[in-house]
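J.: Based on the provided sequences and hints, a complete structural model is requested.
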Amino acid sequence: MKRDELAASLTARFGDRILGVDAFPGLLGRVRFDSTIALELFRAFRDDLKFVHLTMVGATDWVDHREVFYVLWSDADLVYVLLSTNLPPDAPTIASAVPIWPSANAHEREAWDLVGVRFEGHPDLRRIFMPEGYAYHPLLRSFKIHEPEDLEVKVRSD
Amino acid sequence: MWVNMGPQHPMTHGLWNLRVRIEGEIIKDVDPEMGFLHRGIEKISEDRHYNEIITLMDRTCYVAGLSWEHLFIIAAEEALHIVPPERAEYIRVLSAELQRIGSHLMWYAAFVQDLGLTTPFLYGMRDRDLILDLFQTYTGGRLTYEYMRVGGVRNDLPLGFTARCRQVVDWLMDRFVEYDRLCLSSTIFRERCDGLGLLSAEDAIAYGVTGPMLRSAGSRRDLRKDRPYSVYGQLQFDVATANTADVTGRYLVRMEEMRQAVKIIRQCLDWLDDNPGPVMASQLPRWLGAPYAPVGNEAYLLKRNYPTGLGFSMVEEPHGEAGAYIVNDGGEHPYRVKFRSPVLINIWAAKRYLPGYRVADIPPIMGSVDVCVGECDR
Amino acid sequence: MSGQVPAAPKAGNPPAAPAQIADMPLEVIGQPGVPFVEIETLRAREFIPAAKEALSSLLKEQAEGKLIRPVFNWAGRNSLFPLHWGLACCAIEFAAAFGARWDAERFGVVPRSSPRQCDLLIVNGTVTWKVAHKLITLYEQMPEPKWAIAMGNCATGGGPFRTAYSVVPGVDKLIPVDVYIAGCPPRPENMLDGILRLEQLIKERGA
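Residue numbers (this note's numbering), protein chains in the order written: chain S, 654 to 811; chain F, 16 to 393; chain D, 565 to 771.
Every clue listed holds true.
No more than 25 Å apart at the CA atoms, straight line, and that leaves these computed lysine-lysine pairs for DSS-like:
#	chain 1	residue 1	chain 2	residue 2
1	D	K737	D	K698
2	D	K698	D	K710
3	F	K366	F	K43
4	D	K710	D	K737
5	F	K240	F	K278
6	S	K703	F	K240
7	D	K737	S	K797
8	D	K710	D	K767
9	S	K655	F	K240
If you are wondering where the hints come from, they were derived from the structure by calculation, not from laboratory data.
T.: This is the structure in structure tokens:
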């Protein structure tokens, strides 16, 4: 399967809610999609495109949005594909992939714990690394591990 | 009744807690609790130079440091658009396969001791020390190497290394026969391993289980074959599989993997003997060559052309499939580093393969997972 | 007096045989030429009174702290039982020290799995805040007298993870530490050296 074939089949099915299929080194491509079609897209990838392995779920904190990415592997085509979607930073919520791939359970707990993305329909969305009741999501960029050194250039007073 | 096994328990081989719901002797449900060794490696990495993150990779998986260095280096080179010389690639593969033997020997020593056999612990540690001696000759470290660099490896192999390495792997090939004789003929071993922890290939794939646990169920999935990274495409080896899907199958897969690793190591040594050359890329950006860039106003005022990019890599680590995803938005530090730990998923899948067995079966079953908590919690 | 190697009695001039076992100074028991009650030769009904007498007199001396503490000190420092607990990377070197090449058991160091049987806590790895209270619990479960070794840079001061949000910067924030071992991770020789230094420390603190 080539990247343009994938783009064509996805666009035919989901229309403009597929925001783009970019090139990605070493992978089949990077599919950017609208988070409202998450479950249908996952189901299409598992059942129709035979991406049976869910390899990775993670999230990145950007200035104006929070990105969630999924890495899938197809045993038939022997390729990885990366799905990526943008969520609003104030209420980052997306449908859980646990009904499609049970292995998403631990990955999504990790993404919730570290980046604070809430997965709707996850059976057991608890913190996995930090203790229960921890107030922060440490991989947010706003969480500073130490104060940056003051490197400001100042005006001489004399 | 919920019972805690951990975080201090001889079964765990690290800091994690297996919460088990039992009725009588039978396990009904499990809830692995992780995070006791969460050291924030992904967060610290956002604050570090690329070559400084390699230091963290050794500590991430402390029994397979070079495999994790390899994983990170592939992703970082992709994100920074750097191509290493071929000799460096062969040295990396050689290191990763030696590390695979070392990691499996550590697993063998710890796992068989859990079953009540003490001699294999001594044998396994003795033979692992030979591998670590080899590492010391060219990296200088026993567990934490800091050997690979973005763009190559730190130094070339020393004189006489290939001859010594051949001696060691020849010696190890005989020892593997001895291990099999020691374990597979032992009634204790067979009674505690055969038919335990059954996990079919379909379930393993659905639950994300990878590595020897998946291959013991008959699957031929091996990233070194399916998606050859580095120079694995040019090397001849077989995928180790078993079809019993139980603890004994995982033992057999790991033993066969060590034999295949020896096969790969011999090919690498032959290649390295015939092809001298540089081990670092010559066209490295200056800021990458110097591990400690100047900090201060000058560093920020200098207009440098940092490349941007995304890096993704997956390697077949001794425990399973490890992955790295690096977002490089231009700068000395990556913007985001995400690692996939095979152990986290393999432990978590205990929800699938542990219920139904008895409490006394937990040490062999969880021992066969090969737990390394450092990479699980990161 | 603790730890002092008793001078061997001179040949041909044996000390006078004490009338009772309790009168014998401890140092000369078992020395050549010194007569003492040979337990093997006692008959069963003689053994109990002899042992009772010996013990009660020892305990009487114990009130002054003279006699039995050196024995405990000597026995304790030569058979340190560390807790079998691996935290992180150093635990692998901890295990390697018990392997065939280094064989830590020749120093009487035998890891035990229950804190109730241990007198030495080797903190071999990074301590996170999540595991901190469990570490304190384990330390408190160990019977007195007990010691703690901070093995490696992480346990000593946080090591390479000192800046991380979840790491305790040094285990001495949680429990008293007797010996610090540097290294990331320390080699097995280094760990054994730390244990020998702890033995020296116990000897010096002594009775």
